[in-house]
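Enquirer: Chain residues, written in single-letter form:
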Amino acid sequence: MRSALIVMLLCGTAHADRWSRLADEWSGAAWLHYEATVLDRVEHDASVKQIGLAGARLHGVFGHGHVFAFHAGLDLAAGGTVGQGGFAYDVAFMPFGVALRPSERSVIALGTGVGAMGGVPSLDGAVTLPIDLTAEVGDGRVRLLARGRVSYVAGAASRADGAPSLSTGPESSLLGDELEAMLGVRIGRGYHEYGFNSGNGYFVAASYRELEGARFAGVTFGYSIDLASPRSMGR
Amino acid sequence: MRWLFWVSVACTFAKQPLVAPPNDVTTVLLVTGTLGRPLDGIARHPWLAVRRKGAQMWQLYEVPSVATESDPFDRGHDYGNPILHAVWRGDEADRAADCIEHEAEPIIRDIDDHYIFYPGPNSNTFGDRILRKCGLHASLPSTSIGKDWRGLIGAGVTSEGTGVQVETPIVGLKIGLKEGIELHVIGLSIGVDFWPPAIILPLGPGRLGFADR
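Order-wise, the sequence lines are chains F and X.
In terms of our numbering, the first sequence opens at residue 4 and continues consecutively.
In terms of our numbering, the second sequence opens at residue 3 and continues consecutively.
For the record, the hints were derived by calculation from the structure and aren't laboratory data.
C-beta atoms are modelled at their ideal positions from N, C-alpha and C, and glycine is treated no differently.
Where hints are given, some of them may not hold.
From the structure, some residues in chain X lie toward chain F, with a derived Cβ separation under 7 Å [as the list claims (entries may be wrong)]:
(1) 39
(2) 40
(3) 108
(4) 109
(5) 190
(6) 201
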């Protein structure tokens, strides 16, 4: 596959001008996570006692400038719940977003779109409107991975105002219905090959979630890779 | 980070040793190696190595070309950490070699013409297609992303020959006696193999358990 990629790139020299123009005008970065998360209910009642989800997150940013970029992402996860146990899923497609690139491989990105999250039969399935803030910072062996998300929930009345931290009392919260966050560290390597900066490694993170009026805390294990074109390409 | 890769490799037990069999009969090998960094932990590339009875050199069939090499496993800096997945010897290998010599180049040209690095068709699509075309019953590892590419929608018998699969670029499913149950989501594979027992993961050698052989 690598040879084929190189051949494909070489074949592209037939259209060198077009590629060159694209490379001159645009730059970007992408990151892929494989991750598994286990969350345990830490307080308050909820039909779910534990949640286990595994899946992938694929995000990318691209733009004309050195620092500012557009952002899009796809998150897919499936697993199960304990306590009325069953199948659980959590997916989100976020095509609308903006990002900052403070360094070659570091990205701070905000995104939104549409998602779905639920558990059969323990957690009513809902359509979600996620507002997701992601930070991937670090160009070397150590990389900080952080993510926070507020979700508005539709189609599941039982899950409205499910985040105690966002609750504003008897009135429905305008800040969102559910909340989740992750903060972790990846230990890996950074590379500079073929003119691109990249890196990969395993990571561990603390995870937190609020839904159905309950708080959940747990841990995430994963593997991630990141790839970035030089910011100077996008001028 | 290499030590962590090797930890995950070490979690695949009873792998076939990387030893080329003697040339007293025709031999066909199915081998995969990792892509370059940073994809080395999640993506592999296949090639079929064919050596006729009495020959010294191996013909390596892969996308984008066919090459002649003295060592079927050493691909220099192109593909690292090779894994030997299957070996065919004798009459079975003679039939396989005839088929590969006849069928491989048209498939390689076809994939070259329509090549898309991800999700396919790519070199792993070639590996799966040539295995099925020549009746070589083996499976590519789950990290051979593109092995299950069947176009916008497709269904058929698996390369291992004891199961069936239905595939789209977004989601797919493979079920079989030797294949186990494998769910494919955007080209990533996860599942359970019952024999040899292993958890199928889209990482490292693609399995946590016993090697597929």
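Enquirer: Checking against the hints above, which ones are violated?
Expert: Result: hints 3, 4, 6 break, sorted rising.
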